[in-house]
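Trainee: Please work from the sequences and hints to get the whole structure.
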Amino acid sequence: MNCSRVRRSLPLLAGNDLTPAQARRLERHLARCPDCRQEAAEIRAALAAVRTAAAQETFDWPEAEWKALIARVNSERTEPRRRPFLLPAPAPRSWAYAAALILIVGAALLILKIIPSKPGPAGLTETLAATPVLPPPALSVKEALAAVHPQDRPYMIHPRQETLGRVLLAAGAPPEKPTQDMMSMTLVSQKTGLQVHWTLNRNFDWEEKKK
Amino acid sequence: MIELVLSGRTEAFEPLVTPYRKLLLTLGYRLSRNTEEAKEISQETLLRAFRYLRSFDKKKSFKNWLLKIEMNVWRGLSSKRPDAGTLRQMALDSVPEGPEESLAGKEAREKLLACLDGLSPREREVFLLRDIEGRSIKETAGILRISAIAVRVHLSKARSKVRELIKDRFPEFLEDRR
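Top line first, the protein sequences correspond to chains P and V. Each step along the first sequence adds one to the number in the working numbering, with nothing skipped, and position 38 is 38. Just add 1000 to wherever you are in the second sequence, counting from 1, and you've got the working numbering.
Just so you know, these hints were derived from the structure itself, not from any lab. Just so you know, nobody snuck in bad clues.
Pairs of lysine-lysine residues, derived as DSSO-like cross-links and limited to a Cα-Cα distance of at most 27 Å, are as follows:
no.	chain 1	residue 1	chain 2	residue 2
1	V	Lys-1063	P	Lys-67
2	V	Lys-1111	V	Lys-1157
3	V	Lys-1111	V	Lys-1167
4	V	Lys-1106	V	Lys-1161
5	V	Lys-1111	V	Lys-1022
6	V	Lys-1022	P	Lys-67
Mentor: Right under this line is the structure:
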């Protein structure tokens, strides 16, 4: 042990606050290091001086003041049992966290179930009507789709077309049905003949998918 | 005794706390270095002890519980207290009641204990509880609601500072200690 490390522990050694093993290690160093031994002795002496002075300094209540204080205390009322006011709140246990999480999730599910879903945009039909419908595709596809889903308006996606955003709207229900709140579309691959049929409600929530 | 007080026989509170009346007042003085403030701290400690007696865990030390309350009261009041230099002057100016002794001896003792003003509030609390009141490291940690490691750190600093302050002001205490 070097001196700087020993000196950090000397105040604790002086007050007997080290483990016996730690104390023995320090004492071995002190036996061969006069400077550290001097410092340890000074700390002990300082502690002894303060303790002696403190032991001589005790105060007591004048009897009249003590009686008055006790009378005042006795006029108080004890509080009902509760968490000790001077102690921190107990650390929550893991099961408490789990129970709280379950409660929160349960409450959220309940709320979602009770509260009706927001009605969809009222202008869906108008939106569909205002969306420009691109020219119809090749007759063969139209005929094929009409045979399967006669209520649909088929639309052929051009192979070079990169976005489907407007196409999805254009492929919806015909504008002449203002009360329509369901929309379906069928996508047909011209190369493979694969058909994908989507049905969406008025909130554009996906309802059904057929291949 | 505690059960008696809680059952409504409040007169049992006095014999319950009488063994600690000197301790609480003296510790209050050592914390505040002022007689009137020491009385205020001690009085508030006893009032709170009575008020919240039902919260006391009977498996634990009643003395340590009182000390914990006193430290709490002290912290609440300490935000309003003057700085250490003013406190020391007030301490030297005031003459608290104590055992009969010569004025010179009392002054020397006061000046020696005034070295504790050089400690930080936390170092002073730890030093008073461990080195003056003789609480263990664990008890000190419990009373101050800090870890035992924190107690050791503050205690180590406090003892080093006390040694330096005494060496600086009263080198005669530390001579020939090799």
